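Given chain A's structure and the hints, the job is docking chain B onto it.
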Amino acid sequence: MPRNAQQWLQPLNVPADHFINSKVYTDVSIFESERKKIFGNCWKFACHESELEKPGDYRTSSVAGIPVVIIRGADGGIRTFLNACPHRGASLVTTPRGNARNLTCFFHLWSFNHKGDCVSITRPEGYQEANVQKEACGLRSVKTAVKLGMVFINLSDDAEDFDTYVGDIMDCLEEPMGTKPLEVFHYHSVKMTANWKQWQETNMELYHEWGHTVNRTTSIAAKGYHERKWRIHPNGHGSLDPFRVAYENYAGWEARDSLELPGLTPGEFRVVDLFPNTSIIIRATSVRIDTSTPLAPGLMLLEQRGLGVKGESAFDRNRRRNEHNQLWGPLGRNLPEDVIFVEAVEKSIRHGASPFGLFARRENLLAQDDEIMRCYYRAWSDRMGLKASDPFDEIPAESPTSAHMTSARHGNGISVSARAS
Amino acid sequence: MSICNEQMRGLIGRTCLSLDEENYESFLKNCTDRFSYRVTTYSPELGKEMVWLEHDRQGYELLLKMLPQHVRLQGRFTRQAVVCDVAPDENDGATVISQLTVVHTDLDGESRLLLAGRYVDKVESGESGPLLASREVRLDTRVLGPGIHMPI
Chain A
1 MPRNAQQWLQ PLNVPADHFI NSKVYTDVSI FESERKKIFG NCWKFACHES
51 ELEKPGDYRT SSVAGIPVVI IRGADGGIRT FLNACPHRGA SLVTTPRGNA
101 RNLTCFFHLW SFNHKGDCVS ITRPEGYQEA NVQKEACGLR SVKTAVKLGM
151 VFINLSDDAE DFDTYVGDIM DCLEEPMGTK PLEVFHYHSV KMTANWKQWQ
201 ETNMELYHEW GHTVNRTTSI AAKGYHERKW RIHPNGHGSL DPFRVAYENY
251 AGWEARDSLE LPGLTPGEFR VVDLFPNTSI IIRATSVRID TSTPLAPGLM
301 LLEQRGLGVK GESAFDRNRR RNEHNQLWGP LGRNLPEDVI FVEAVEKSIR
351 HGASPFGLFA RRENLLAQDD EIMRCYYRAW SDRMGLKASD PFDEIPAESP
401 TSAHMTSARH GNGISVSARA S
Chain B
1 MSICNEQMRG LIGRTCLSLD EENYESFLKN CTDRFSYRVT TYSPELGKEM
51 VWLEHDRQGY ELLLKMLPQH VRLQGRFTRQ AVVCDVAPDE NDGATVISQL
101 TVVHTDLDGE SRLLLAGRYV DKVESGESGP LLASREVRLD TRVLGPGIHM
151 PI
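Read top to bottom, the protein sequences are chains A and B. First residue of the first sequence? That's 1 in my numbering, and the numbers climb one at a time after it. First residue of the second sequence? That's 1 in my numbering, and the numbers climb one at a time after it.
Okay, chain A solo, but in the shape it has when bound (with noise of 0.2 Å):
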């Protein structure tokens, strides 16, 4: 039956870890917080070493606002940098990518080498007297791993390593990236109207794959799909077992049985989740890599990218760009929908319309429980000491609700520190 006004603002009497309160996705000082206890620890996807394929090749990337340049030196080692000169700030490269012998600053000039070094500054005999010597004027460096080829870094000096971060979460991503090399064919950018844990949030949440025609058609109609099951990292992280996608059951589609990245079966689909921000995603003849940078609660910057063997003749480029595009990029038959899922959200969270969301699906981990999402957001809670589900204590002690909340965080029964049984 409908609820009034009073009953709307109460979550169900669900676990409090089965909900989420609007306000992680729309509130300012979240956000805020975010940026510091979130982006300033975690690791988070920056690009692919093939784009970085010579020494002196440079790109550009952001942390929550923060600019870097990834450089890979003489050495062939890949660093990062802030992408601020120590001298006034200015950017110190203005292009998206490109290749320098040093960084040298637009603005004084001041020159840095591919480790950091400022090895010149522009009439330096005018800061003798005050002792400015340009030893003591290195860049920012941040901390930066390579893992299958892909470039992660973490603004905080003190971060764990990464890989204790994700542990064997990328394990399964071994053969199909590890194997030979790959390289990137597809970007593109989408400005999206919503918070930048929402889309992370649908790269996770499976149950909303019955909005896909291409999904239900291609996935959920096809045998095995509810039979896989989640593996969960407690830092938040999450692999769903691999399963073969019928893309022959879409109307012209063919199904994907050659071409296969090393070590997939036909149709193999595989994903990996990262906290807070990252989702690879397999589908048997190319990756895609999504990652978001925040700009403001309720706005996002969502980057995709492809990639595909390198070195591959024209024609098997010509056929694994178009599986490609078949569901992703921004005329593909999936990812548009996705963002238009998500916007749809954010229009009705964004001045409270919809207090709640549920991630209330128990299903013993398989393809759509919604453990991950509840696994996700214990993650986030415990980096950002609030509870999601109740991020300012504003649930009345006596809502049955309440009962729950207490022991919510780990109360399902579901082990997070590895695959149930």
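Heads up, some of the hints might be wrong.
Only pairs whose alpha carbons sit at most 30 Å apart, straight line, appear in this in silico DSBU-like list of lysine-lysine [what the hints assert, rightly or not]:
#1 A:K223 x B:K65
#2 B:K65 x A:K54
#3 A:K191 x B:K122
#4 A:K115 x B:K48
#5 A:K143 x B:K48
#6 A:K180 x A:K310
#7 B:K65 x A:K147
#8 A:K310 x B:K65
#9 A:K180 x B:K48
Computed, partial: chain A to chain B, Cβ under 7 Å [to be verified]:
#10 V28
#11 S29
#12 F162
#13 V184
#14 H188
#15 A251
#16 G329
#17 P330
#18 N334
#19 V339
#20 I340
Hint data in this document are derived by calculation from the structure and do not stem from the laboratory. Predicted model, so just to flag it, every value in this text is computed and none were measured. Positions of the beta carbon are idealized from the N, C-alpha and C atoms, including for glycine.
Below, chain B without anything else, positioned relative to chain A:
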């Protein structure tokens, strides 16, 4: 049959009007049996050319057939194509380049520029006039909002 520039302009204009009306049957009547369609752009981020969509006539027709099944950006898309260059070929056809803008008008009546780019059309001479043999939509705009399921 030799075709004049005025006929070329008429063809490009008719294809735009048909697509605006989502009258794909009418659009396809202006295309050859071997019609092909590509959407391309250049990525400054990668330093590479990209193909975002590519279909032969059969694939294009299947894409159109499935459109009603999909969740889509609602409203109307209006194409403004200004023919800028007509380069005749040896077979009484031509390559026609048009500057393109597409305006999206949502269900509330608010219009915004969706994209800028070009049509690069190969036109062939048919029995009753010029026909589109291929269309490349060459995009300058790479941030397309939610994206688009309709042919541009």
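Tell me if A:V28 is really an interface residue toward chain B, meaning its C-beta lies closer than 7 Å to one of theirs. 24 Å, violated
For this session: So, A:F162 near chain B? Judge it on the closest CB pair being under 7 Å.
Result: 24 Å, violated
Restraint check for B:K65 with A:K54, where alpha carbons must lie at most 30 Å apart
Given pair B:K65, A:K54 is violated - Cα atoms ~45 Å apart, limit 30 Å.
- Are B:K65 and A:K147 close enough, with their CA atoms no more than 30 Å apart? With a Cα-Cα distance of about 42 Å, the restraint between B:K65 and A:K147 is violated, given a limit of 30 Å.
Problem set entry | 30 Å Cα cutoff - pair A:K180, A:K310 | 8 Å, holds
Tell me if the straight-line CA distance from A:K143 to B:K48 falls inside 30 Å. 28 Å, holds
Holds or violated: are the alpha carbons of A:K115 and B:K48 at most 30 Å from each other? 27 Å, holds
Quiz item: Measuring from the C-beta of A:S29 to each C-beta in chain B, is the shortest one below 7 Å?
Solution: It is violated, given that the least Cβ distance between A:S29 and chain B is near 29 Å, above 7 Å.
For the hint on A:A251, does the least C-beta distance to chain B fall short of 7 Å? Holds, about 6 Å.
Does B:K65 lie within 30 Å of A:K310 when you go C-alpha to C-alpha? Roughly 35 Å separates the two Cα atoms, so the pair is violated.
- Message: Under 7 Å is the threshold here; is the Cβ of A:H188 close enough to any Cβ of chain B for the hint to stand?
- Response: Holds. Min distance 6 Å.
Quick check on A:G329 please, does its C-beta sit within 7 Å of some C-beta on chain B?
Because about 5 Å separates A:G329 from the closest Cβ in chain B, which is inside the 7 Å limit, the hint holds.
The structure fails to meet hints 2, 3, 7, 8, 10, 11, 12 and 18 from the earlier list, while all remaining hints are met.
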